[in-house]
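Novice: Let the sequences and hints guide you as you build the complete structure.
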Amino acid sequence: MLKRYFNLKRGNARRVFGTYAVVTAAFLILQFMSAAGAISSSMRGMLVPICAYMVMAISLNLVVGILGELSLGHAGFMSVGAFSGVTAAIMMQDAVTFAPLRLAAAMLTGAAFAAVAGFLIGIPVLRLKGDYLAIVTLAFGEIIKNIFNNFYLGIDKEGVSMSMLTDSTRLLEDGRLIIGGPMGIGGIQKISTFTAGFLLTMIALIVVFNLVNSRSGRAFMAIRDDRIAAESVGVNITRYKMMAFVTSAALAGAAGCLFAMNYSTIVANKFDFNTSILVLVFVVLGGQGNMLGSIVAAAALTILPEKLRQFADYRMLLYAVVLIAVMLGTNNDAVREFLRRFNPFKRRAKEEGSGDDI
Amino acid sequence: MTFLNFVISGLSLGSVYAIIALGYTMVYGIAKMLNFAHGDVIMVGAYVCFYAVSRFKLPAVVGVALAMAVCTVLGIIVERLAYKPLRQAPSLAVLITAIGVSYFLQNAALLLWTSNPKMFPPVVAKGSLKLFDGQLSVSYVTMITIVTCVIIMLCLMWFTGRTRMGKAMRACSEDKGAAQLMGINVNATISMTFAIGSGLAAVAGVLLCSSYPTLMPTTGSMPGIKAFTAAVFGGIGSIPGALFGGLLLGVIEIFAKAYISTQLSDAIVFAVLIIVLLVKPAGLLGVEMQEKV
Chain A
1 MLKRYFNLKR GNARRVFGTY AVVTAAFLIL QFMSAAGAIS SSMRGMLVPI CAYMVMAISL
61 NLVVGILGEL SLGHAGFMSV GAFSGVTAAI MMQDAVTFAP LRLAAAMLTG AAFAAVAGFL
121 IGIPVLRLKG DYLAIVTLAF GEIIKNIFNN FYLGIDKEGV SMSMLTDSTR LLEDGRLIIG
181 GPMGIGGIQK ISTFTAGFLL TMIALIVVFN LVNSRSGRAF MAIRDDRIAA ESVGVNITRY
241 KMMAFVTSAA LAGAAGCLFA MNYSTIVANK FDFNTSILVL VFVVLGGQGN MLGSIVAAAA
301 LTILPEKLRQ FADYRMLLYA VVLIAVMLGT NNDAVREFLR RFNPFKRRAK EEGSGDDI
Chain B
359 MTFLNFVISG LSLGSVYAII ALGYTMVYGI AKMLNFAHGD VIMVGAYVCF YAVSRFKLPA
419 VVGVALAMAV CTVLGIIVER LAYKPLRQAP SLAVLITAIG VSYFLQNAAL LLWTSNPKMF
479 PPVVAKGSLK LFDGQLSVSY VTMITIVTCV IIMLCLMWFT GRTRMGKAMR ACSEDKGAAQ
539 LMGINVNATI SMTFAIGSGL AAVAGVLLCS SYPTLMPTTG SMPGIKAFTA AVFGGIGSIP
599 GALFGGLLLG VIEIFAKAYI STQLSDAIVF AVLIIVLLVK PAGLLGVEMQ EKV
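Here the protein sequences come in this chain order: A and B. Going by the working numbering, the first sequence opens with residue 1, and the numbers climb by one from there. Going by the working numbering, the second sequence opens with residue 359, and the numbers climb by one from there.
Keep in mind the hints are simulated off the structure, nothing from the lab. There's no promise every hint is true.
[Unchecked claim] Quick list of in silico lysine-lysine cross-link-like pairs, DSS-like style, CA-CA up to 30 Å:
| # | chain 1 | residue 1 | chain 2 | residue 2 |
| --- | --- | --- | --- | --- |
| 1 | B | 615 | B | 488 |
| 2 | A | 270 | B | 615 |
| 3 | B | 615 | B | 534 |
| 4 | B | 484 | B | 615 |
| 5 | B | 484 | A | 270 |
| 6 | A | 307 | A | 270 |
Specialist: Put into structure tokens, the structure is as follows:
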């Protein structure tokens with residue numbers, strides 16, 4: 001792994017290590033500020049969700065920015081990760097008393113289940129492309145939401161029992177209903193911490209950067225730039241698409257688990273189409289293929305609605321206007337040229353004529 | 359007879375989907391963009407009709423006409439302000455802008471009309487037609503919905519097939535550059551497509567709220583997504599495809615609700631969509647395009 005990093009071209013290395021440095025610095029500063037009591041409690045409550053959204057944005061950027069496929073169902077994977085992860089955490093509550101370990105195990109479970117979901121969906125879906133892929137992923141996200149809204153899972157002495165549509169788990173007296181259909185999961189121990197969020201963000205960055213700067217990553221970009229040309233030089237399109245899709249799903253699953261463990265209750269409707277769109281907006285505003293950009297966009301756009309709260313009813317309207325204005329602005333040649341001068345990592349890389357994307 | 363009842367209510371719901379899907383499919387065919395704000399135009403249309411009929415006591419026909427007029431203008435304004443500057447932009451940027459417009463319309467509606475659900479007035483005559491000794495009852499709303507859908511379809515077929523403007527539309531959807539070389543005003547044609555689509559959305563909004571009479575700022579979003587699904591189902595870009603996809607989707611949804619489960623009906627509808635797209639990736643009536651290398 002290290003060898004790969006030493007072999008990075010200068011422009012790429014600047015981006016990769018620059019991103020790590022910025023994220024670490026931000027974490028340290030926030031940690032310090034929070035120790036000094038310089039952060040308001042509402043901000044502190046947003047730290048973990050922001051980390052979760054950052055991981056979501058990084059993982060979706062792998063599919064949208066690097067692979068070039070539009071996915072509108074990313075919240076579905078988050079949902080799978082959240083529900084399976086929290087269920088695992090609740091089951092482990094007595095066995096594993098050390099909270100960080102339990103959180104890590106829960107996130108791994110969430111990631112694993114989301115990866116399986118990503119694989120299962122990937123088999124049929126990746127034969128489609130473009131807008132058709134978009135609509136199918138959208139449909140998939142809605143299906144997941146619908147299923148979790150009608151899913152009951154309980155645990156008692158005799159083991160785990162589950163049912164669909166109505167609660168027919170028939171638990172014994174000491175049993176506990178974990179997933180309660182539209183009620184979701186209640187009574188979650190809030191064990192997510194900002195440190196865990198930071199670590200997950202770093203892991204996501206390392207995974208994605210490693211993947212992108214490898215042979216597979218170059219294959220992804222080849223598929224994005226010209227699918228037919230890539231196919232004709234022997235790139236196995238289905239295999240690489242699947243690889244990107246599953247990795248992305250697994251990261252989203254872990255993020256979902258982190259997100260859910262920050263609240264005492266979680267319901268399936270939290271992970272609907274709007275959440276998928278929200279994450280897509282992070283990716284597009286941050287710049288497709290630009291991981292630092294999506295991280296910044298995720299943080300900014302999670303804080304923005306909170307900061308706009310003083311405008312009360314007008315805040316979502318303002319948010320919409322900002323969204324439209326930014327899209328119109330970034331696609332306007334004059335504004336684009338202006339912004340290019342302020343892009344810290346791109347300028348030198350461009351002069352050296354090396355890769356535009358990581 | 360219950361089976362026939364389900365078929366009829368499926369066709370009625372499907373007609374609404376089909377009318378909305380027409381808006382999606384025409385815009386997609388010509389501008390190659392997914393106009394996610396289309397669902398919210400439906401909501402605006404329904405609100406305009408609601409206020410015209412229940413607050414200002416205007417006749418229903420005037421209410422519908424007013425809704426159509428407002429939505430048509432809204433469609434043109436949105437296209438001019440938000441989409442036109444992005445003609446050359448990557449499709450994802452246009453998609454995000456459309457989502458921004460959708461948020462904008464929803465939240466503007468929230469401010470203007472609050473989140474309290476409003477009861478939609480009976481724009482269409484109440485009552486129902488009883489057949490076979492009352493075993494089969496078809497409400498007037500249902501009949502009018504289906505008939506409206508058929509009339510709209512026939513008009514559109516005539517419009518795109520016979521008129522000059524319609525031919526320009528088809529030419530633009532085939533190849534914008536070539537159409538421009540032939541002297542077609544591409545921008546005007548795209549504006550017109552948005553205008554027609556949004557005008558139809560107003561009709562769909564009124565019909566939808568006549569069958570399901572609670573009106574909220576989010577009323578349009580789920581039917582919007584479903585109709586979009588219907589458009590893809592039938593083959594996006596194809597007008598008969600939108601009709602067929604919409605009707606089929608409506609019938610499947612009602613059947614899923616009636617025979618399998620109400621809560622899972624959405625999941626079933628979307629699962630059917632996925633299966634159809636796997637078997638026929640271009641949609642049921644879509645033409646598979648051979649890619650040029």
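Novice: For a quick check of understanding: which of the numbered hints are violated here, in increasing order?
Specialist: Going through the list in order, the structure violates hints 3 and 5 and respects the others.
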